[in-house]
Every structure is written in structure tokens, then in C-alpha cells.
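Those protein sequences? They're chains H and E, same order as listed.
No gaps in the numbering here: position 79 of the first sequence is 79 in full-length UniProt numbering, and each next residue is one more.
No gaps in the numbering here: position 24 of the second sequence is 24 in full-length UniProt numbering, and each next residue is one more.
Hints were generated in silico from the structure; no laboratory data involved.
Note that this is a predicted model, so its numbers are computed, not measured.
All residues carry an ideal CB built from backbone N, CA and C; glycine is no exception.
Accuracy of the hints is not assured; some may be wrong.
Claimed, not checked - Examples of chain E residues toward chain H, derived with CB under 8 angstroms:
no., residue
1, D7
2, T30
3, V47
4, G96
5, N98
6, K141
7, G146
8, T147
9, R169
2 protein chains.
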Amino acid sequence: MPTISADESGALLDRYGPLAQAVRELIDVTIRTRADDDTAREVTAAVRELTERLRGESLSDEPGLRYLVEGRPLAWGNAVVGLRNPIAPPLVIEHGENGHCWADFHLGAAYEGPPSLVHGGVSALVLDHILGEAASDGLTKPLYTGTITVKYLRGTPLGPLHAEASIYRKEGVKTYCRGHISDAEGVTVEADGVFITPSWARDGAQ
Amino acid sequence: MPTISADESGALLDRYGPLAQAVRELIDVTIRTRADDDTAREVTAAVRELTERLRGESLSDEPGLRYLVEGRPLAWGNAVVGLRNPIAPPLVIEHGENGHCWADFHLGAAYEGPPSLVHGGVSALVLDHILGEAASDGLTKPLYTGTITVKYLRGTPLGPLHAEASIYRKEGVKTYCRGHISDAEGVTVEADGVFITPSWARDGAQ
């Protein structure tokens with residue numbers, strides 16, 4: 001992965017971040033609109049034109065472009081935290097000591113499962129990601145998820161949410177993490193996962 | 001949830017389905033474009049205008065609109081199968097005997113975690129959904145996920161994929177399901193989950 005400076009990264013994000021955010025808002029109204037046939041048809045045609053315009057420019061096969069900035073992958077295309085990925089809420093993850101990390105975020109209509117509730121699988125998606133961030137110290141260590149168990153205590157309402165995770169044990173190539181999602185009333189979903197250091201990165205090979 | 005006829009449902013889907021599909025394609029190029037500053041700015045402004053136009057029409061607080069057609073919820077806003085939800089791939093799920101169900105689908109740039117691989121949490125999202133479909137006979141029975149365990153055998157490549165699930169045990173209020181995701185080479189991720197019938201739907205109350 002090529003390394004770029006923080007300045008270059010900032011300039012690229014100024015260029016593409018607002019586009020992804022605008023598409024996030026379009027996603028929300030696409031699900032919720034009651035527009036009539038004509039309006040729906042015209043907006044659909046206009047969206048297709050914009051897609052063709054962007055497609056006319058060169059497209060990257062490395063979604064979100066892959067760069068390292070100060071030793072961290074940008075992960076702009078990532079499905080959970082990618083600032084260039086309109087399907088990412090996106091989570092902005094903060095890191096404390098010993099892998100502890102957390103994020104406050106908002107899930108709207110696009111993340112629904114049962115009426116007015118977050119899709120259970122979306123909770124699993126968020127937890128898989130934040131446990132992985134804890135295990136890998138903000139994606140700076142090569143690790144893959146071995147197994148993750150997600151336990152649903154009650155429905156998670158759409159709206160403002162909090163997620164956090166931390167490491168509770170390290171044993172050879174295995175790092176064990178635990179985390180949860182909560183709303184204003186408390187924890188709604190818990191997760192426990194084991195993350196594995198790949199063989200090529202063992203024995204100080206990293 | 002109001003019931004509508006298959007004809008009404010078809011007409012609504014003709015109106016809103018192509019819009020969601022157009023937005024899906026816009027999401028893909030938004031992540032992958034190398035457009036210059038001017039193009040990015042102009043497309044961003046145009047996307048915002050389309051959003052305002054849809055927002056100007058009445059927006060529903062029931063994402064995707066909630067209707068029953070022939071006893072099945074349409075789930076148009078659902079994050080995995082919603083035909084009106086641009087973040088849903090969407091999976092088109094087929095149902096066989098005893099809860100067995102499956103889907104062939106394609107995951108592109110928007111679903112990436114590690115370079116060229118599906119985000120582990122997206123695999124969990126897909127599996128949570130398809131196990132839930134198996135347990136609830138296509139979402140026709142009220143059930144919520146108790147616990148799901150997802151085991152990663154190897155990385156899942158972006159591209160064409162298959163997922164399937166079935167019930168392997170029923171015990172009182174608990175329904176146990178198992179499933180997996182596979183690519184052309186075989187299984188990449190397995191899942192095991194237990195689904196619970198809520199108390200209000202027990203004792204034949206359904």
C-alpha cells in the first residue's frame with residue numbers, strides 16, 4: 001500500500017468525502033420517498049446520468065483508494081468506517097489504552113430490520129468491526145477474525161447509538177475481545193470474538 | 001401492517017425499485033471514482049439537489065413502506081433483502097422445505113473490509129439474515145435472534161457468492177439454524193444461531 005502525507009490525504013478527503021455523504025442522504029430519501037411515478041422516473045434517470053459521469057472518469061479497482069497515512073490504512077472504502085463508502089454509517093472510532101475503542105454513531109432507515117429496529121445483522125457488522133479494531137490496535141496489526149459470537153439482549157432502536165470493545169486476553173496467536181452496542185437505556189447486543197495473527201506475521205515477522 | 005394486493009405491490013415496486021438500483025450503482029462509482037475536484041464538486045451538488053427533490057415529496061417514517069402481500073411482509077426497506085434499500089445487495093432468497101433457503105448474490109466494492117475481501121461483518125450480516133429467514137419461514141413467523149456464532153474459515157472474495165441456511169432443531173420456544181457462505185471454491189464462513197419465539201406469540205397466540 002503506498003504511503004501518502006496527511007496533507008495529501010486531507011485533500012483527497014475534501015474531494016471525495018462530501019460526495020459519499022451526499023449519497024448517504026440520497027440513500028435515506030430513496031427508501032422513504034412517496035414520490036409519484038413521474039418524479040421517481042426522472043430522479044432515477046438523473047442518478048443514472050451522474051453514475052455515467054463518474055464512470056466516464058477512470059475508476060479504481062482498489063475501492064476507496066488504498067493508502068497508508070502515518071502507518072494506518074485509510075480504509076476509505078470500508079463498509080463500516082469508510083469515509084468514501086456511502087453504505088458505511090460511518091463509524092468514527094476513538095482509541096484508548098490497551099485496544100479499548102469506542103464510537104458514537106447514528107443508524108437511520110437504511111439499517112432497518114424489524115420495523116423501527118436495527119437489523120440484527122447490522123449490529124453484528126458493527127460489532128465485528130469494532131472488536132477487530134480493538135484486537136488490531138486500529139487496524140495497524142494484521143489479524144483476521146476467527147470466530148465471533150453475538151448475543152441479542154433486546155431490540156436495538158434506530159437512532160443514536162454507542163459501541164465499544166476491548167481486549168480481555170492474549171494467548172499466543174489469539175487475541176480475545178469483547179464489546180457491546182448500547183442505546184440511552186443500556187446494552188442491547190453483546191459480542192465476544194477471537195482474532196488470529198496470520199502465519200506470515202508470526203515470530204516477529206511483522 | 002396494511003395488506004395490499006400483489007398488483008399494487010408490483011406497481012409500487014415498478015416505481016421505486018429502479019431508483020434503488022440506480023442508487024446502488026451510484027454507490028459503487030462513488031467509492032471507486034478518480035474524478036477531479038470540479039467533477040466531484042458538481043456531482044456532489046447534483047446529488048444534493050436530487051435528495052432535496054425527493055425530500056420535497058412526503059417522506060415516510062416507515063422505511064420502505066410496510067405492507068403485507070399474501071401474508072408476507074414486503075421488507076422493502078430491509079438492509080439485506082430490501083428492494084427499495086440501496087445498501088441491500090439485495091439478496092433474493094429462495095425457500096425450500098423445512099425452512100431450507102438459499103440465495104445467489106454479488107458483493108461489490110461497497111462491501112469491502114480487507115483489500116478485495118468481503119468485510120467479515122458483512123458476512124455476519126448476510127448470515128444473520130438468512131438464518132433468520134430459515135427460522136421464521138420467510139419472515140412469516142415472529143422470531144428474534146437470541147445468539148449467533150459466526151466462524152471464519154478463510155477470506156471471502158468480493159464477487160459472486162452463495163449463502164444458504166436450514167433449521168436443524170426445534171425445542172420449545174427455540175429454533176436452531178445453521179448456514180454458510182461459499183464461493184466457487186467452497187465454504188468461507190459458517191454460522192450457527194438460535195432464534196426465539198417472543199412471549200406474546202407463544203401458546204398458539206400467533
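How the hints compare with the structure:
Given the 8 angstroms rule on beta carbons, the hint for D7 of chain E is violated: about 15 angstroms separates it from the nearest Cβ of chain H. For T30 of chain E, the suggested interface contact is upheld, since its CB lies about 5 angstroms from the closest CB of chain H, less than 8 angstroms. Residue-level restraint check for V47 of chain E holds (minimum Cβ-Cβ distance to chain H is 4 angstroms; threshold 8 angstroms). Checking G96 of chain E against chain H by beta carbon gives a least distance of about 22 angstroms; that is not within 8 angstroms, so the hint is violated.
At a threshold of 8 angstroms, the smallest CB-CB gap from N98 of chain E to chain H is about 22 angstroms, leaving the interface hint violated. This hint is violated: K141 of chain E has a C-beta 13 angstroms from the nearest C-beta of chain H, more than the 8 angstroms allowed. Interface restraint check: G146 of chain E against chain H, minimum CB-CB distance 6 angstroms, threshold 8 angstroms, status holds. The criterion of a C-beta within 8 angstroms of any C-beta in chain H is met by T147 of chain E, whose closest approach is roughly 5 angstroms, and the hint holds.
Interface hint at R169 of chain E: violated, since its Cβ lies 18 angstroms from the closest Cβ of chain H, which is beyond the 8 angstroms cut-off.
Against the hints set out earlier in the document, violations occur for numbers 1, 4, 5, 6, 9.
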